[in-house]
Every structure is written in C-alpha cells, then in structure tokens.
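**Student:** Sequence:
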Amino acid sequence: MTLPLRSLFEPAGQSSIGASVDWLTGTLLGSLAIGLCIIAVAVVGLTMLTGRLSLRDGARVVLGCFILLGAPIIANGFMKAGTDIGTAPSLPMDTMVAAPIRDLPPADYDPYAGASLRDDR
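Each residue of the sequence shown is one higher than the one before, starting from 1 at the first, in full-length UniProt numbering.
All the pointers check out, no bait thrown in.
Computed Cβ-Cβ distance ranges for the label pairs, DEER-style: (1) Asn76 to Met96: 33 to 41 Å; (2) Gly45 to Asp22: 31 to 39 Å; (3) Asp94 to Ile73: 30 to 38 Å; (4) Ala71 to Leu49: 24 to 32 Å; (5) Asp22 to Ile74: 15 to 23 Å; (6) Gly70 to Ile17: 22 to 30 Å; (7) Leu28 to Arg60: 15 to 23 Å; (8) Gly26 to Asp94: 45 to 53 Å; (9) Met79 to Gly35: 22 to 30 Å; (10) Gly51 to Ala81: 40 to 48 Å; (11) Gly18 to Arg56: 36 to 44 Å.
Source of the hints: derived by calculation from the structure; they are not laboratory data.
Every residue gets a Cβ at the ideal spot worked out from N, C-alpha and C, and that includes glycine.
Using the sequences and the accompanying hints, generate a full structural model.
**Tutor:** Next comes the structure, spelled out in structure tokens:
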C-alpha cells in the first residue's frame with residue numbers, strides 16, 4: 001500500500017480561488033467596510049448639513065451601507081425562505097371564542113350640552 005504524495009508547494013487547505021474569495025469577502029464585509037461606511041455616513045451628514053446634498057441622496061447612502069453590512073443576513077434569510085416553500089403547512093392554532101360585549105349605559109353628565117345654545121336674555 002502506497003500513500004499518495006502531496007506537493008510541498010500546494011496549500012493543504014483549499015484552492016487559490018477559494019482563498020481569494022474568502023479574502024475578498026473578509027475585506028468587503030469586515031472592519032474595512034465598517035470603517036468606510038462610517039466615513040461615508042459622516043461625509044454625507046456634513047454635506048447635508050451644508051445644504052449640498054439632498055435628503056434622498058443621503059438616505060440612499062445610509063441604505064446602501066445597511067445593505068452592504070447586512071448582506072450575509074439578507075442572503076441567509078432568502079435561502080431559508082426558499083427552503084420553506086415545499087414544507088407542509090403548520091397546524092392551525094386553537095381559537096377561543098370571546099364572550100360578547102354588553103352595551104354600555106348612556107352617560108348622564110355632559111358638560112358641553114348647553115354650550116352651543118344661544119342665550120338671549
């Protein structure tokens with residue numbers, strides 16, 4: 001029985017493409033991206049305070065930062081929503097029938113009842 005020989009020049013873990021994708025993901029979603037988003041929101045805030053940028057464009061930058069930093073969570077939600085399509089529907093919940101509400105007696109005191117009447121004496 002012979003063991004396969006591995007080259008000393010090849011990395012043991014993964015391919016170079018996989019490593020580059022992991023590096024790119026770490027860069028785009030890591031501390032560098034958070035720092036760039038903080039700087040972008042600060043610059044947008046200052047330009048909005050000076051009146052050079054409209055509210056719509058400022059909100060677009062903030063929304064873009066939320067989407068960029070929340071991309072893994074958003075993608076995970078889409079993937080979970082896609083897997084739940086073929087599952088059986090859940091059982092209906094037990095419902096309780098509430099007792100009917102009885103009519104309230106009319107209010108006797110109205111402080112504004114005569115306020116709209118004209119008093120010609």
